[in-house]
Amino acid sequence: MIEVLAPGPYATVQDLGRPGLAHLGVPASGAADADALRLANRLVGNPEALAGIELTYGGARLAFHAGAWVAVTGAPCPLTAVPAPAPSGAEGRMSGWRAPAAGAAVPFWVPAGTELRFGTPACGLRSYLAVRGGVAVEPVLGSRSTDSLSGLGPEPLRAGAVLPVGAVAGLEPIVADLAPARGPRPAVLRVLPGPRDDWFVPGALAALCERPYVVSQDSNRVGVRLNGRELARAREGELPSEGMVAGALQVPPSGQPIVFLADHPPTGGYPVIAVVVTADLAVAAQLRPGDAVRFTTHRVT
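Each residue of the sequence shown is one higher than the last, beginning at 1 in the working numbering.
Hints may contain errors.
[Said to hold, decoys possible] Just the calculated beta-carbon pair ranges, DEER-fashion:
{"#": "1", "residue 1": "V188", "residue 2": "P164", "range": "38 to 48 Å"}
{"#": "2", "residue 1": "C123", "residue 2": "G255", "range": "24 to 34 Å"}
{"#": "3", "residue 1": "S150", "residue 2": "A279", "range": "25 to 35 Å"}
{"#": "4", "residue 1": "E236", "residue 2": "P78", "range": "46 to 56 Å"}
{"#": "5", "residue 1": "A167", "residue 2": "V201", "range": "53 to 63 Å"}
{"#": "6", "residue 1": "R211", "residue 2": "I174", "range": "43 to 53 Å"}
By construction, these hints were calculated from the structure, which means they are not laboratory data.
Treat the numbers as computed from the prediction; the structure is a model and nothing was measured.
C-beta: ideal position from N, C-alpha, C; glycine also.
The task is simple: from the sequences and hints, build the whole structure.
Put into structure tokens, the structure is as follows:
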């Protein structure tokens, strides 16, 4: 088991979500940076879809009362290992061990009795911890993901929470010993024209791509809210609710765009001027408040 001593600013259990249920009103949810979670799972020999821990802006303290193979990916956090507070009737056993360097995407063994402390990432927003066997909380509708919008899945992590770890029997052996650190990626999001770009004045899509936007403090797992050039409409009124996808760039009456992330609603009534290509969703997921981001039109070849 893993005991949460402190969750940091915001931490949840995430896997690859609940795809295919939007027609029932169930958001897909799942890891905001799915690429980072997949990599962490591969590093410890897990199937890519097993659940791990998504940390927002580091700051967590996790106690391992049994030894485990883990990997940390995504936003690079400094890691520190200290003896963990022992559970009742037991003694901490960590001795002579050091955490890997910050940002090292490498599988490493955490001895029993270790407290793993996460610092603040130097860049990016979300870090992922995978443990061999996966975080085995009870699934809801086929997923162990916390959905911040609908409330499905386990609650956000709190101090004192205990997370069971799944069985390791039958897993693939750990064959990778290092993955290149991803490092900062250019904050440029490629977009395709959206289904409602005709709701905006001519040249609005070009205006979106002319100047950078700044990430708002109000951003979360539902969407990245942006401040910058207002995108003017050519049509008044609102749409009937229609299906939304991750990466949809929805524009409310304020004219300030929102990039939908993992916990976006299945439907929405504001027009979508553009859609971020799937390959760039990991970049959007790592944007932190105050970051500048640019858009560019994507050419399909």
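We went through each hint and held it up to the structure:
Checked against the hint of 38 to 48 Å, the pair V188 and P164 passes, with Cβ atoms roughly 40 Å apart. Judged by the Cβ atoms, the range 24 to 34 Å given for C123 and G255 holds: they are separated by roughly 29 Å. In this structure the hint that S150 and A279 lie 25 to 35 Å apart at CB holds, the actual value being about 26 Å. The hinted range of 46 to 56 Å is satisfied by E236 and P78, whose Cβ atoms lie roughly 51 Å apart.
Hint check: A167 to V201, Cβ distance near 58 Å, so the stated range 53 to 63 Å holds. Taken as a hint, the range 43 to 53 Å holds for the pair R211 and I174, whose Cβ atoms sit roughly 46 Å apart.
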